[in-house]
Amino acid sequence: MSTRLATGGRLLNTAKPVNFTFNGKQLRGYEGDTLASALLANDQMLMGRSFKYHRPRGVVAAGPEEPNALVNLGREGRFEPNQRVTTTELFDGLEASSQNHWPSLEFDVGAINTHLSKFLPAGFYYKMFMYPRSFWKHVYEPFIRHSAGLGKAPKARDEDTYEHFHAYCDVLIVGGGVAGLEAARTAGRSGARVLLLEQTNHFGGRAPVDGGTVDGKPVDKFVEEILEELSQMENVQLRPRTMGAGVYDHGYVLGYEQLTDHAPAKAGPRHRLWRIRAGHVITATGAIERPLSFAGNDIPGVMLAGAMRDYLVNFGVSVGDRTVLVTNNDNAYLTAIALKHAGLDVPAILDARVLPQDSELVAQARALGIRILMGHAISSVKGGKRVTGVAICSQAGEGAVLEEIACDAVAMSGGWSPVVHLWSHCGGKLRWDSKRACFSPDVDNPPKGADGVGFVTTAGAASGMFPLDDVLHDAHAAADGVMTTLGFKMPRDISAPSATRREEAPLAPVWMMPNGASAKLREKTWLDYQNDVKVSDVRLAAQEGFVSVEHAKRYTTLGMATDQGKLSNINGLATLAGALDAEIPTVGTTTFRPPYHPISIGAIGGGARGATFQPLRRTPMHGWHDANGAEWEPVGQWRRPYAFKRGSESTHDAVMREVKNVRENLGLLDASTLGKIIVKGPDAGRFLDMLYTNMMSTLKPGKCRYGLMCNENGFLIDDGVVARVDEDTWLCHTTTGGAESIHAHMEEWLQTEWWDWQVYVANVTEQYAQIAVVGPNARQALERLGGMDVSKETLGFMDWADGTLGGYPCRVYRISFSGELSYEIAVDASHGQALWDALMALGADLGVMPYGTEALHILRAEKGFIMIGDETDGTVIPQDLGLNWAISKKKEDYLGKRAQARSHMTDPERWQLVGLETTDGSTLPDGAYAVGEGTNDNGQRNTIGRVTSSYHSPNLNKGIAMGLVLHGPDRMGEVISFPGVDGKVYEARIVDPVFYDKDGEKQNV
Amino acid sequence: MLTIHCPNCGVTAEETEFHAHGEAHLKRFGPGSSEDEFEGYLFMRKNPKGVHFERWRHQYGCGKWFHVARCTMTLEVFGSYSAQTVEPPQEIIDAIQDRRPDFAAGPAR
Chain A
1 MSTRLATGGR LLNTAKPVNF TFNGKQLRGY EGDTLASALL ANDQMLMGRS
51 FKYHRPRGVV AAGPEEPNAL VNLGREGRFE PNQRVTTTEL FDGLEASSQN
101 HWPSLEFDVG AINTHLSKFL PAGFYYKMFM YPRSFWKHVY EPFIRHSAGL
151 GKAPKARDED TYEHFHAYCD VLIVGGGVAG LEAARTAGRS GARVLLLEQT
201 NHFGGRAPVD GGTVDGKPVD KFVEEILEEL SQMENVQLRP RTMGAGVYDH
251 GYVLGYEQLT DHAPAKAGPR HRLWRIRAGH VITATGAIER PLSFAGNDIP
301 GVMLAGAMRD YLVNFGVSVG DRTVLVTNND NAYLTAIALK HAGLDVPAIL
351 DARVLPQDSE LVAQARALGI RILMGHAISS VKGGKRVTGV AICSQAGEGA
401 VLEEIACDAV AMSGGWSPVV HLWSHCGGKL RWDSKRACFS PDVDNPPKGA
451 DGVGFVTTAG AASGMFPLDD VLHDAHAAAD GVMTTLGFKM PRDISAPSAT
501 RREEAPLAPV WMMPNGASAK LREKTWLDYQ NDVKVSDVRL AAQEGFVSVE
551 HAKRYTTLGM ATDQGKLSNI NGLATLAGAL DAEIPTVGTT TFRPPYHPIS
601 IGAIGGGARG ATFQPLRRTP MHGWHDANGA EWEPVGQWRR PYAFKRGSES
651 THDAVMREVK NVRENLGLLD ASTLGKIIVK GPDAGRFLDM LYTNMMSTLK
701 PGKCRYGLMC NENGFLIDDG VVARVDEDTW LCHTTTGGAE SIHAHMEEWL
751 QTEWWDWQVY VANVTEQYAQ IAVVGPNARQ ALERLGGMDV SKETLGFMDW
801 ADGTLGGYPC RVYRISFSGE LSYEIAVDAS HGQALWDALM ALGADLGVMP
851 YGTEALHILR AEKGFIMIGD ETDGTVIPQD LGLNWAISKK KEDYLGKRAQ
901 ARSHMTDPER WQLVGLETTD GSTLPDGAYA VGEGTNDNGQ RNTIGRVTSS
951 YHSPNLNKGI AMGLVLHGPD RMGEVISFPG VDGKVYEARI VDPVFYDKDG
1001 EKQNV
Chain B
1 MLTIHCPNCG VTAEETEFHA HGEAHLKRFG PGSSEDEFEG YLFMRKNPKG
51 VHFERWRHQY GCGKWFHVAR CTMTLEVFGS YSAQTVEPPQ EIIDAIQDRR
101 PDFAAGPAR
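In order, the protein sequences belong to chains A and B. Just so we're aligned, residue 1 is where the first sequence starts under our numbering, counting upward by one. Just so we're aligned, residue 1 is where the second sequence starts under our numbering, counting upward by one.
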């Protein structure tokens, strides 16, 4: 059984017990524990079930590489699935539960899959979807949906907050082990700004666990002293609990700081995303131990040798009373030696190598009385939910069992792989180090920055340097080299600290144990624990032609789990290389992509959530609308009233009332959101003639003209009324959504094409509040305000004038988007609310009512006026909309003119704008397609048109619509069919798009 | 995320402050141009693996347009220069050739 030793651990504070629960069971650990060490201390070896076969699984690692032990943490607004027990710090009241099983962790019905494994081979998703077709929806999809995903998605809204933090430094060091600390000290001496990130809550990494001395002192003492030295350097900042998540272009790095995961009661944000720009990045990210591939290597109790050492030394946890060590290298002997020193039993060390003579560590182990079997391997591990023993064989053979050894734990080591993720994220290349059997950074091909020079350097184990002395020298040299390259003055008199050296025998690459393992053994030999990918799966993929490592990965799902193959990738590609009879470096690795370890979505979102997700633009009358029944409609970043509801009135009724009232009495529209762009300069007229399809340079001061704007593709992008202010100044109204993009469009042409033209443009949209006063009583209302002559004679249709109304300096445009007598009054934004209040008060007996955007839409549709975004969709040209009258024939050029001459644009088959009226008075579904004769290649009805706008008109008391129809204007009176998605077929007659007041008498009064 | 230098306001900032707008130094063809000329202007774009001249706008800064010479493969930036020019200036060509001796400055299309 696994238990806590009386000796304690170097990270443990046994004076402070901590209570937590696992699957509802009350358990106790200590301050300093991870959830993994605390569970092990309580003999909870079984921690989860695997993804595909629901195999019982225990913890196998001690860090972020852990593939098995994922749990649900917390509850409700703080519930989170797939949390690694190895990176979860224990706190009082922690609630964890295991996942991916039913009904319980101990007894899981899904484990039947392990017996069905013959039917769930590599690529079974793809294979099962082949046939029969009827099974897709009713059998396969429910099955896959049920089995997909490990944890369950949280249902409650996240209670926590998150934030972003921008940081700049000369050198960023990722990793606070001895290499990172030595690099920080070296870099810090130059006076440069140094930032060091460490993913755990303690510094020093694994070196103190492995022991040895630095400059004659124990490693722990060295770490203590260097931390003290760094704390004295004002230019050096250390951040624990902060992971270097990803390295991106030009020295951009994301850090992920966990602020309150270990102390949920603490105030403040839970996670902080560091957005770092570094002059240079040093990755001191260490190395990860590789498992060995033998049958039963996933049974709870089989663990990485280094992890077992970590649990023992750091947390005083014994994983088992009797541990068999299986290895291909010297380093793992440290585990056997440490176990022995802790008074635990190590019945045997199975070393796949045959060494000519004992190296230092082998001799030490032998001296402790441990039985060492050279050239030996595990044939299979015995046990179900817990290791009970190992059957041993010779590594060279096919697995014939020589002997069975009873044990309750197995420590395995296949050697170490440098953590090259951050080096590789932005294009750093790797080379195969055959001596250490690992991929390490190819220093000649680093990721390159804006200046074409490498901006990432590795230090220590991340460089592929494993002995402590090499680690420290490499880190010192890396930092020294980086600072010198960056141009900092380095003190010349300081050299790297020296550590004890050990003579180690070389590692022997072992990718299959035993070497000639039978098919039966290979089917029980796991590569990717989390996704249940076995040696047999990778070999099958190779056999079926998935020879590229990227293809084999996706076919088998090797390395695609939440651990992204930190343990499995090298073993997997070595297996693939073996199956293909190719060299490992020719097979290559899959692409390393950020983040290194999963980060929370909350951290990525940061503060951009709820009201702060996007800025909200408010007109000066926003508050009044809100207080007067406005139902809001988002229009870009603005909110516009859709309708103003009265009492218990429905939205539809409110809209109908508003529309009728505008036609009969008086309506007020907040038109402040419409874009207002000043175009000024000696060449302003010439410029506007290029921008609009019609002529703006001939417009007289005091007059308005409706204009259309196209892009160079010829498509209509915006429309609006242009007013000429004076000899060299025009004011262009744009759509609400178009103000910023049209302003940018103008700037683009002025800056990049006609840069010698003397024109200024300014977007003054928010400087003005604009109120449309609309309806038969509009003139009377303005007269009551007083101060200006607004008579037909003085201010005719499409005139504008400056003046004062009700004491407010204003500009009045006599323009109409409704077909009614209409004035748009622009005042300083600060006067908007006062003018609105004045109009509401004096209009009371004139039947004044505010109206919203839906009424505006219906009013314009009754008049056959187009709306950008309804009648246009980026593929419509003005000629499609019967707007030829607004296209100048005299001008040599305007944006879009050449495109409108292309054959497709002049095609008479282009659908044209018409009005549509249902034969029964109902309202056509918006967006419905009209069907014609025959079918297309897919057997679908041919379409001959579509509805672009459709409303119920309260004035005409019937449905009215506009649409684009093939040969539409030539088919007046014809009835065409629109099948609706509701199954009903709507019959509509093609009519003139102007439904109301065809002669425009009402607006010209 | 790239770092970009705006030659108009002198700021070097994160890519998120800017917006890329594709190939630089296009010659506009309007009414009267041939179908081929117009197609080339409107649709045909270079997509080199290597040195590329691009249009950029300092969208969330000074709002001005400029050009950037950049390597699409290594993301190396050779320099930023005025948008008010029909071809890259000599110092940009020099900066490119300094690091890519094989680079030949072709005629602007």
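Heads up, a few of these hints could be off.
Cross-link-like lysine to aspartate or glutamate pairs, in silico, DMTMM-like; alpha carbons within 20 Å at most [to be verified]:
| no. | chain 1 | residue 1 | chain 2 | residue 2 |
| --- | --- | --- | --- | --- |
| 1 | A | K897 | B | E39 |
| 2 | B | K49 | A | D451 |
| 3 | A | K897 | B | E37 |
Hints are computed from structural coordinates only; laboratory data are not their basis.
Tested hints:
no., hint, verdict
1, A/K897 / B/E39, "holds, 14 Å"
2, B/K49 / A/D451, "holds, 17 Å"
3, A/K897 / B/E37, "holds, 15 Å"
Every hint from the earlier list agrees with this structure, and none is contradicted.
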